[in-house]
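In short: position in the sequence shown from 1, add 102, done, that's my numbering.
FYI, nobody ran anything at the bench for these hints, they're computed from the structure.
There may be inaccurate statements among the hints.
To be verified - In silico DSS-like pairs for lysine-lysine, Cα to Cα no more than 30 Å straight-line: (1) 239 / 271; (2) 177 / 149; (3) 177 / 394; (4) 271 / 149; (5) 149 / 394; (6) 177 / 239.
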Amino acid sequence: MLPDYLNNDALDDLIARALAEDVGPGDVTTRATIPPETRAEGRFLAKESGVAAGLYVANRVFAAVDDGVQVEWQKEDGAPVEAGEVFGQVHGRARSILTGERLALNLMQRMSGIATATRRLVEAAGPHRARILDTRKTVPGLRALDKWAVRLGGGENHRIGLYDLILIKDNHIAAAGGVRQAIEAAQRYRDAEAPGLEIEVETRTLAEIHEALAVGGIGYLLLDNMAHLRDDGTVDTELLAQAVRLVAGRAATEASGNVTLATVPAIAETGVDYISSGALTHSVQALDISLKIELA
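Use the sequences and the hints to build the structure in full.
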């Protein structure tokens, strides 16, 4: 169920830190108003349509507060939900439900928002081969959950961190003295220190693509900002299409920049292999989910 970069221990540690931040020495409002023996049940309601994500995470949140709380779901992570649909219930001590409510909802709403936005981009790419990627533009401490939500929405994960892909970007190129110098240095490092690690190079012009391909030995070319927005809001993809034709399969291609729900169809039509979007995780709109509680 969990992605390979997240395990239950790491998830529980994240939840413990989040609860410590939120609850501190104790939930004073709940302690003041709810007798310890009071039992309650709650219903998770989708107030807008989207993709449900973070259900397993919510289970772990309530378990961390009180392992006697029971959560039942009518949906699975990654499943669609409709506005007005009740898709889960929680039962147990009222105090425990109230204390865990906010963290569970915060994580579910964020993950569901990411999964929903991803699903929409995937669908917008339509019949073309382009696959939707995320980036490292995530909330510190929540990267694993953000990236998991992208997967649940049908997208794919780009590198998880600075350690699992050599991605040579414009500032690396500037500091190394040029495209060729940066690639050759990266290849020497990989061969000596990290055999098998892939290399990706950011390019902004056709000339940089020529130079990168001339060096060779790279797995991916990042075609940055080669799709340009016109004043009327449409996108000009001619340069991007030229770049894809120039690469001609000698490396996988990734388009980035000016990626929106409106522009993805045209970008995908150029034949790029991947389309990456930082907005999936850095500008997420949480899916509106509520938890309504009543006495059991």
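Consistency of the hints with the structure:
{"no.": "1", "hint": "239 / 271", "result": "holds, 15 Å"}
{"no.": "2", "hint": "177 / 149", "result": "holds, 15 Å"}
{"no.": "3", "hint": "177 / 394", "result": "holds, 18 Å"}
{"no.": "4", "hint": "271 / 149", "result": "violated, 41 Å"}
{"no.": "5", "hint": "149 / 394", "result": "holds, 12 Å"}
{"no.": "6", "hint": "177 / 239", "result": "holds, 29 Å"}
Checked against the numbered hints above, the structure breaks only hint 4 and satisfies the rest.
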